[in-house]
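Protein chains: 2
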Amino acid sequence: MRFFTEIKPLKTYVAEQKREGKIIGFVPTMGYLHDGHLSLVRKAKLQADVVIVSIFVNPLQFGPNEDFAKYPRDLERDLALLQEEGVDCVFAPSAEEMYKEGFSTFVEVNGEITEVMCGKSRPGHFKGVATVVTKLFNIVTPDLAFFGQKDAQQLFIIEKLVRDLNLNVEIVSVPTRREEDGLAMSSRNTYLNPEERKAATILYRALKCGEELVLAGERNPERLKKLIEEFIKTEPLARIDYVEVRSVPDLKAMDVIKGKFIIALAVYIGSTRLIDNFILEVD
Amino acid sequence: MRFFTEIKPLKTYVAEQKREGKIIGFVPTMGYLHDGHLSLVRKAKLQADVVIVSIFVNPLQFGPNEDFAKYPRDLERDLALLQEEGVDCVFAPSAEEMYKEGFSTFVEVNGEITEVMCGKSRPGHFKGVATVVTKLFNIVTPDLAFFGQKDAQQLFIIEKLVRDLNLNVEIVSVPTRREEDGLAMSSRNTYLNPEERKAATILYRALKCGEELVLAGERNPERLKKLIEEFIKTEPLARIDYVEVRSVPDLKAMDVIKGKFIIALAVYIGSTRLIDNFILEVD
Chain A
11 MRFFTEIKPL KTYVAEQKRE GKIIGFVPTM GYLHDGHLSL VRKAKLQADV
61 VIVSIFVNPL QFGPNEDFAK YPRDLERDLA LLQEEGVDCV FAPSAEEMYK
111 EGFSTFVEVN GEITEVMCGK SRPGHFKGVA TVVTKLFNIV TPDLAFFGQK
161 DAQQLFIIEK LVRDLNLNVE IVSVPTRREE DGLAMSSRNT YLNPEERKAA
211 TILYRALKCG EELVLAGERN PERLKKLIEE FIKTEPLARI DYVEVRSVPD
261 LKAMDVIKGK FIIALAVYIG STRLIDNFIL EVD
Chain B
11 MRFFTEIKPL KTYVAEQKRE GKIIGFVPTM GYLHDGHLSL VRKAKLQADV
61 VIVSIFVNPL QFGPNEDFAK YPRDLERDLA LLQEEGVDCV FAPSAEEMYK
111 EGFSTFVEVN GEITEVMCGK SRPGHFKGVA TVVTKLFNIV TPDLAFFGQK
161 DAQQLFIIEK LVRDLNLNVE IVSVPTRREE DGLAMSSRNT YLNPEERKAA
211 TILYRALKCG EELVLAGERN PERLKKLIEE FIKTEPLARI DYVEVRSVPD
261 LKAMDVIKGK FIIALAVYIG STRLIDNFIL EVD
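Chains as they are written, first to last, in the working numbering: chain A, 11 to 293; chain B, 11 to 293.
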């Protein structure tokens with residue numbers, strides 16, 4: 011497995027692979043890998059000749075009061091896991107390597123898609139995401155890039171970014187991996203104490219409840235939101251950031267639930283903010 | 011000569027050329043070509059195997075009160091000129107092809123480099139330039155891209171954009187082409203009536219005057235600006251938008267003229283706004 015912390019030698023490596031006609035698959039991560047990340051890697055292994063994983067906790071996508079400093083990191087463990095999966099190359103740059111002195115260029119996806127949900131709760135977050143993803147795509151020049159559906163809003167924004175800026179990459183989305191009890195895998199789950207860990211299943215159960223309501227015929231998004239909110243409030247450790255029911259992939263509000271849509275949640279369990287979603291479809 | 015108005019077939023053409031190992035040279039233009047553009051093309055012919063010229067009057071880089079609608083266009087003449095130069099491929103998309111329905115992603119270079127000079131006079135202009143250039147680079151995927159020094163601020167911004175976003179292209183700058191009497195070639199020169207055309211040489215003469223002052227030992231940027239402004243005011247048809255003396259390439263204000271620097275002018279001749287500059291260097 012090749013390991014790079016600098017952009018230039020990585021670019022040389024990628025150029026060599028491309029000259030040999032290899033299909034490059036790319037999995038961008040913030041490290042502290044769990045089975046969700048590894049499912050992206052496995053999908054990439056199936057579809058690409060060369061799999062490159064980046065590990066970079068991007069300061070640009072964290073707000074001033076967010077958890078950048080305490081975000082969990084364990085490069086050694088990550089490298090061992092990726093080696094085991096047969097990954098070809100890991101790119102783990104420093105913030106200084108990614109944002110050289112004088113850096114001041116940003117990519118911004120405008121419109122409702124970035125303004126609602128996590129865009130509302132985390133101002134500047136998606137500007138940071140769009141900028142780093144554009145940079146990583148230009149550095150790695152992948153044919154395919156793999157993103158998890160757990161970060162559905164991010165996924166839709168990146169798909170739009172690729173379309174709008176004519177980036178030469180195909181985005182592949184991969185279903186959310188869950189623990190036995192339904193909790194979506196996330197590096198932030200490590201913040202939870204045992205009591206909070208139990209309470210955290212409220213997100214999955216709330217989504218299940220929402221799905222059942224839709225299956226039972228509920229088509230009013232406001233009523234659905236309200237019912238899901240009430241369900242979540244039964245958990246004393248949970249504090250709702252948002253519950254949203256919106257169209258997919260443009261995340262518009264709907265008068266009536268129809269076609270492809272998302273039920274998306276952000277909920278604090280203690281001081282840990284967790285997100286989860288179901289993407290559903292009705293006639 | 012190949013001619014494309016759509017992105018997809020152009021991308022296919024470029025991919026074919028790349029598979030054959032060809033070096034792609036790219037000259038982005040807004041059309042209505044003059045000898046300045048053709049000098050970019052000739053430079054590209056020398057350095058690249060395949061030369062692609064784009065012709066696109068980018069609505070995004072024109073302000074609401076600017077000359078987008080009346081900007082001169084003559085595709086037939088442009089194609090004849092490019093054919094004569096031995097250009098391999100012309101890309102002339104419509105605005106609808108470049109900005110598909112729902113387009114809302116922008117690239118912005120922040121900081122003094124985009125805030126001063128034309129960035130101050132034309133709010134949003136460089137955001138439009140950075141966005142379209144990023145798109146064109148992603149569409150054409152050139153190895154080399156050629157820009158004229160007449161638009162020096164644009165050139166420095168694009169060089170910064172390429173660095174900051176890790177774009178895989180080398181920027182080549184080409185000296186300003188001038189008419190016999192020194193007027194910098196520009197498609198906007200066609201707006202000038204004969205009297206204005208004569209008056210328009212004031213820009214070049216003012217730059218020459220500035221250069222002479224520096225050669226004579228002037229190192230105070232404020233005093234240099236003042237003297238150039240006074241020189242321009244001797245022309246009754248001229249109205250100064252800005253006269254700036256700044257460092258190159260970051261366009262910072264200087265206490266003392268030192269190293270590489272630019273004398274940059276924007277001057278209205280009648281209702282036509284013209285720009286020009288000298289890039290100079292002193293110990």
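Careful, some of the hints might be misleading.
A pair holds if it fits inside one copy or across any two, identical chains being indistinguishable in the list.
[Stated by the list, open to error] Calculated cross-link-like contacts (lysine-lysine; reagent style BS3-like; alpha-carbon spacing at most 27 Å):
1. LYS110 / LYS270
2. LYS262 / LYS110
3. LYS218 / LYS160
4. LYS32 / LYS137
5. LYS55 / LYS28
6. LYS268 / LYS110
7. LYS32 / LYS18
8. LYS32 / LYS21
9. LYS236 / LYS160
10. LYS208 / LYS53
11. LYS262 / LYS235
12. LYS28 / LYS18
13. LYS80 / LYS137
14. LYS262 / LYS32
15. LYS110 / LYS137
16. LYS80 / LYS160
17. LYS218 / LYS235
18. LYS236 / LYS270
19. LYS55 / LYS32
No lab work stands behind these hints: they were computed from the structure.
For each hint, the structure was consulted:
| no. | hint | in the structure |
| --- | --- | --- |
| 1 | LYS110 / LYS270 | between (41 Å within a copy, 22 Å between copies) |
| 2 | LYS262 / LYS110 | between (37 Å within a copy, 18 Å between copies) |
| 3 | LYS218 / LYS160 | within (15 Å within a copy, 62 Å between copies) |
| 4 | LYS32 / LYS137 | neither (31 Å within a copy, 35 Å between copies) |
| 5 | LYS55 / LYS28 | both (16 Å within a copy, 26 Å between copies) |
| 6 | LYS268 / LYS110 | between (46 Å within a copy, 25 Å between copies) |
| 7 | LYS32 / LYS18 | both (19 Å within a copy, 22 Å between copies) |
| 8 | LYS32 / LYS21 | both (14 Å within a copy, 19 Å between copies) |
| 9 | LYS236 / LYS160 | within (22 Å within a copy, 60 Å between copies) |
| 10 | LYS208 / LYS53 | neither (30 Å within a copy, 67 Å between copies) |
| 11 | LYS262 / LYS235 | within (15 Å within a copy, 52 Å between copies) |
| 12 | LYS28 / LYS18 | both (15 Å within a copy, 21 Å between copies) |
| 13 | LYS80 / LYS137 | within (21 Å within a copy, 35 Å between copies) |
| 14 | LYS262 / LYS32 | neither (39 Å within a copy, 45 Å between copies) |
| 15 | LYS110 / LYS137 | both (18 Å within a copy, 21 Å between copies) |
| 16 | LYS80 / LYS160 | within (21 Å within a copy, 49 Å between copies) |
| 17 | LYS218 / LYS235 | within (13 Å within a copy, 69 Å between copies) |
| 18 | LYS236 / LYS270 | within (20 Å within a copy, 63 Å between copies) |
| 19 | LYS55 / LYS32 | within (12 Å within a copy, 30 Å between copies) |
Consistency with the previously given hints fails for numbers 4, 10, 14, ordered from lowest to highest.
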